[in-house]
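Asker: Chains as they are written, first to last, in the working numbering: chain A, 1 to 113; chain B, 1 to 104.
These aren't lab readings, by the way, just hints derived from the structure by calculation. Among these hints, one or two may not hold up.
Stated by the list, open to error - Example chain A residues on the side facing chain B (calculated, C-beta under 10 Å, incomplete): (1) 37; (2) 41; (3) 42; (4) 43; (5) 44; (6) 45; (7) 70; (8) 73; (9) 76; (10) 91; (11) 102; (12) 103; (13) 106; (14) 109.
Note that the Cβ used here is the ideal one computed from N, Cα and C, for glycine as well.
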Amino acid sequence: EPEVTQTPSHQVTQMGQEVILRCVPISNHLYFYWYRQILGQKVEFLVSFYNNEISEKSEIFDDQFSVERPDGSNFTLKIRSTKLEDSAMYFCASSEVGSWGYTFGSGTRLTVV
Amino acid sequence: KNEVEQSPQNLTAQEGEFITINCSYSVGISALHWLQQHPGGGIVSLFMLSSGKKKHGRLIATINIQEKHSSLHITASHPRDSAVYICVGDKLIFGTGTRLQVFP
Chain A
1 EPEVTQTPSH QVTQMGQEVI LRCVPISNHL YFYWYRQILG QKVEFLVSFY
51 NNEISEKSEI FDDQFSVERP DGSNFTLKIR STKLEDSAMY FCASSEVGSW
101 GYTFGSGTRL TVV
Chain B
1 KNEVEQSPQN LTAQEGEFIT INCSYSVGIS ALHWLQQHPG GGIVSLFMLS
51 SGKKKHGRLI ATINIQEKHS SLHITASHPR DSAVYICVGD KLIFGTGTRL
101 QVFP
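So here's chain A without its partners, still in its complex pose:
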């Protein structure tokens, strides 16, 4: 069964450093999403991406964040100048049709120290 792949599974970074979280969506999917889940809290939507541009973003997704589809397969989330409160599990998802039939990746646990 097709799956969404996220790498790395766990990343530790120093406060102030930049991190790039990588996702390989399902190949025929057109919509891509990033979510995060701070430990003990609910999952929060960050951003959706379609047709090589951001289609929707939450208040959390400020100038510190950016997304990119650098080639035909990868979808990345860049976090500049990481803060302690950025520590969370970051999930990527993709869907064939917007807001329907999400497939989630297994997540990247980001720890900022």
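Given chain A, put chain B in place with the hints provided.
Answerer: Chain B alone, transformed into the frame defined by chain A:
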């Protein structure tokens, strides 16, 4: 604000019990998603529905768009059903989740 609320927040059951998890939302949506988050953190999509009822194995999901309510039922619950169950509206707003623990 489009709030998605789930009840109960925590649920414990004995193996074999019938489980119901409820989801209510404050504004109209056209579809709703039920997700399962395993203890290790991974998320699996269970159902996506916009009307009526869907069934997959021991899982049943219902939705009433007019009443802004959806339910997830688990028949003959099993310890491996222990997880957090999350409903998500099509406006990408997540519920807080229901933590289910099924004991043998």
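Asker: Against this structure, judge whether each hint is valid.
Answerer: These are the hints, each one checked on the structure:
1. Checking residue 37 of chain A against chain B by beta carbon gives a least distance of about 8 Å; that is within 10 Å, so the hint holds.
2. Given the 10 Å rule on beta carbons, the hint for residue 41 of chain A holds: about 8 Å separates it from the nearest Cβ of chain B.
3. At its closest, the beta carbon of residue 42 of chain A sits 5 Å from a beta carbon of chain B; the interface hint therefore holds under the 10 Å criterion.
4. Using the Cβ-Cβ criterion of 10 Å, the hint placing residue 43 of chain A at the interface with chain B is satisfied: the shortest such distance is roughly 5 Å.
5. Because the closest C-beta pair between residue 44 of chain A and chain B is about 7 Å apart, less than 10 Å, the hint holds.
6. A hinted interface residue such as residue 45 of chain A counts as satisfied when its beta carbon comes closer than 10 Å to some beta carbon of chain B; here the least separation is about 4 Å, so the hint holds.
7. Hint on residue 70 of chain A is violated. Least Cβ distance to chain B is approximately 24 Å, over the 10 Å limit.
8. Nearest Cβ of chain B to the Cβ of residue 73 of chain A: about 21 Å, over the 10 Å cut. The hint is violated.
9. For residue 76 of chain A, the shortest C-beta to C-beta distance to chain B is roughly 19 Å, which exceeds 10 Å, and the interface hint is violated.
10. The beta carbon of residue 91 of chain A comes within 6 Å of a beta carbon in chain B, closer than 10 Å, and the hint placing it at the interface holds.
11. The beta carbon of residue 102 of chain A comes within 5 Å of a beta carbon in chain B, closer than 10 Å, and the hint placing it at the interface holds.
12. Checking residue 103 of chain A against chain B: minimum C-beta separation of about 6 Å stays under 10 Å; hint holds.
13. Restraint check, residue 106 of chain A versus chain B: the minimum CB separation of about 5 Å is within 10 Å; hint holds.
14. The interface hint given for residue 109 of chain A holds, since its Cβ lies 7 Å from the closest Cβ of chain B, which is under the 10 Å cut-off.
Comparing the model with each earlier hint shows violations of hints 7, 8 and 9; every other hint is respected.
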